[in-house]
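Sequences listed follow chains A and B, in order. Residue numbering for the first sequence follows my numbering, beginning at 1 and increasing consecutively. Residue numbering for the second sequence follows my numbering, beginning at 1001 and increasing consecutively.
If you are wondering where the hints come from, they were derived from the structure by calculation, not from laboratory data. Remember, predicted model here, so these are calculated numbers, not experimental data. Treat each hint with caution, since some may be false.
As the list claims (entries may be wrong) - Now the stretches of chain B that chain A is said to cover, found in silico as 3 or more residues with beta-carbon under 8 Å:
hint: 1; segment: 1169-1178
hint: 2; segment: 1208-1215
hint: 3; segment: 1461-1474
As the list claims (entries may be wrong) - Restricting the straight-line Cα-Cα distance to at most 25 Å, the calculated cross-link-like pairs of lysine to any residue (SDA-like) are:
hint: 4; chain 1: A; residue 1: K158; chain 2: B; residue 2: T1105
hint: 5; chain 1: A; residue 1: K238; chain 2: A; residue 2: K305
hint: 6; chain 1: A; residue 1: K324; chain 2: B; residue 2: R1039
hint: 7; chain 1: A; residue 1: K156; chain 2: B; residue 2: S1110
Think of the CB as a built atom: it goes at the ideal place given N, C-alpha and C, for glycine as much as any other residue.
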Amino acid sequence: MKRIAAALVLLILVVLGTAACSGDGDARTLVVYNAQHEQLLEEIAPKFEKKTGIKVELRNGSDTELGAQLIQEGKASPADVFLTENTPAMSAVERAGLLAPLEPATTEPIPAPYRPTSGLWTGFVARSTVLVYNPSKISADALPASILDLAKPEWKGKVSFSPTGADFQAIVAAVLDLKGEDATRAWLQGLKANGTVYDGNNVVLESVNSGEVATGIEYHYYWYRDQAESGENSNDSKLYFFGNQDPGAFISISGAGVLKNADHPKEAQEFVAYLTSKEGQQALADSYALEYPLNPAVSLAPPVKPFSELQPPTVAVSDLDGDKVVELLSDAGFVL
Amino acid sequence: MVLVLLGALVAATSLLPLGFVVVSTAELGPADAWELLTRPRFDDLLWNTTRLLVGGVALSVVLGVGCAWMVVRTDLPRARLWHGVLCAPLAVPAFVNGYGWISTTHAVQSAWGAVLVVSLSYYPLVYLPTVAALSRLDSSVEDVAASLGAGVWSSFFRVVLPAISPAVLGGALLVGLHLLGEYGALQLLNYPTLTTGILDQYRLSFNGPAATMLALVLVAFCLLLLGLELLARGQRRRSRVGSGVARTATRHALGRSAGGWIGALLLLATLSLGVPLVSLVRWLVHGSSSSLPGGDLGSALTTTLGLAVAGGLLATVAALPVAWLAVRHRGALATVIERAVYPANALPGIVVALALVTISIRSVPALYQTVPLLVVGYVILFLPRAAVGVRSTLELAPPHLEDVATSLGCTRAGAARRVTLPLVLPGLAASMALVSLAVGTELTATLLLAPIGTSTLATEFWSRASAVEYGAAAPFALALIILAVPATWLLGRAAVTRSPGRIA
């Protein structure tokens, strides 16, 4: 009996040991807390690895999850680099004093509006808010001039979105920044009454495309990506870009920052520098992502609507208040 | 002494999640807790969870008991084949079933759809124990009822149902606990409940107070179910008294309505197996052209098998001291230790995961985000299954067998090797297999606890299915089903072999 027990224990130790050892250990392995699309970094990281010989390990999650995790882990965090899809979570980590200044050469290629004045992180790609719609459910000329119109009673049952996601929360943050708290509260209440809630922007796209619901609020690239892949979830739908600096034309910035307590500060700086460099930006532009590169030396190939043709409102990247947005979403009953 | 220490350690580990819930509730304070519980979203989650629970349990009981009656107590043709078909949905994890449905039709994105889909996944949990109970039931009481003028229906409700009610209630309790813990299927069906709410909250603010509060409410629901089951089971005596062997029950003739009943069973089989499997095959054929994730599938399979073996072994080893104490050293302490292991059976994976994340970050940061912590999570979740199996196995090897062996000249070690070991090894292996198979298809806890770079079949499936990449998710779904088949087969066989010959 004892010998079997001993053998079993030994076997477990071996299994656990091999499993545990596969994870960490390499001095030149960067740990990236990645809230950007997993698939995008799985395309970009190998190119960086090939160029520099520095290994990249991804911890994937959502903006708010990884942001809160970093704040809770504090100095003990294994993270070297933090990548977000939107700015509020990055700003929260910045406010917690966890970010190290980026090297000037890293932020220099990115135009000033797309990075904070603090220099503690930088934007590296951007995404535009759009309304995806199903032409068989609603005609193009019936689409609203402003994203705020979607809260009006005539839109009941005709709009969908994913309020638990960081993307929609960034859009709400922009509305809050541009229109103030009362208007944002009223807008969210209208959306709650009118809208269908889905979990995930891909689900929003698929539901609009299949005619479950007439329109959906999300970012531009979901539709373009699906078109580039197979069109299966997008062929029956179209994109509508808001104009005239409407909050619905909001451009959200994906951020990159280096943690103050990074175990590999030099490599981490190198990684972010790669992301903003012409080479890295070209790799991002050529990837499946179809998000807008921010280095003016690089641009997305058609058919994606050119960055220069967008008419976004002016929103300072550091001004978006994620905590307030969560409070508003909670009061409107979208989250607890 | 060492045994007691080991057993106490295992018991304490099992109680960690409950301790976490109690401590964090105390920390939260009544004012904050009340504030969280009065937020608008909470009402939605509570209402959705309640109606899913009531609807899902009711439908599962109707389907499970009805089918068991058909298979055991009627002259249904090919009853053994039907038995297999009716157990088979257990081999399709609920989240794969949800994927099959949602990738076929949006019509199931409603409260009714959610109730239907989860019931189709979980009714075998009522069906199996009911089959076992019905086959062992002495039908003479029914004959008495009939002789007193009761019809088939009347005797079913007044005599048979009370007699098999412990099995039905036990199954209903299991269904309820599974529904409370279900994440994947409901998330795909866009039906928010307390559990999906915890995951939403986790993504919003990591393990913030809102997630903890929801976990507390979820645990309260689980305890409520346990209490209700105890209450409903009551104290009535149900054992057969009298000498002789119970008579084999007569099978009721279906007669002219046979066609209708077979049609109903066919419909059930189509909904519970046909829809997910056809949908899966469709996506496999359809998706292979664009993306066959050979490398991902291989590495996910290896990781899953590694974790399954580690989880199964460790859970079985952890169950050994507990069961050994309970069998060989009966007493108050042994009972306390053994009982401490079982509450985890009622805890949803999400609560166990949330507890381990919080405890490890606060107290043992070195363990956070590691494979050992993930395995500990599996052990806590599935230890009750291992403990039941190991205990019944150890009962097969009473100490006097070893005494006899030593009296015949064997050394103590030799007796253990030649007598005890052959007796218990198959049972230990079976316990380990059951836990391993459960680990292999676990999704919710794995999503939270899997460290950097560790992806299992379930998490790989999930990242694709939740992003509407149905074709890319299909190979992982197929692998998950293949992984779940052996456990289903074991369970299906166990329900009938205890009463050989009762199912034609």
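**OP:** Quick one: which hint numbers does this structure break? Sort them smallest to largest.
**Re:** Going through the list in order, the structure violates hint 1 alone and respects the others.
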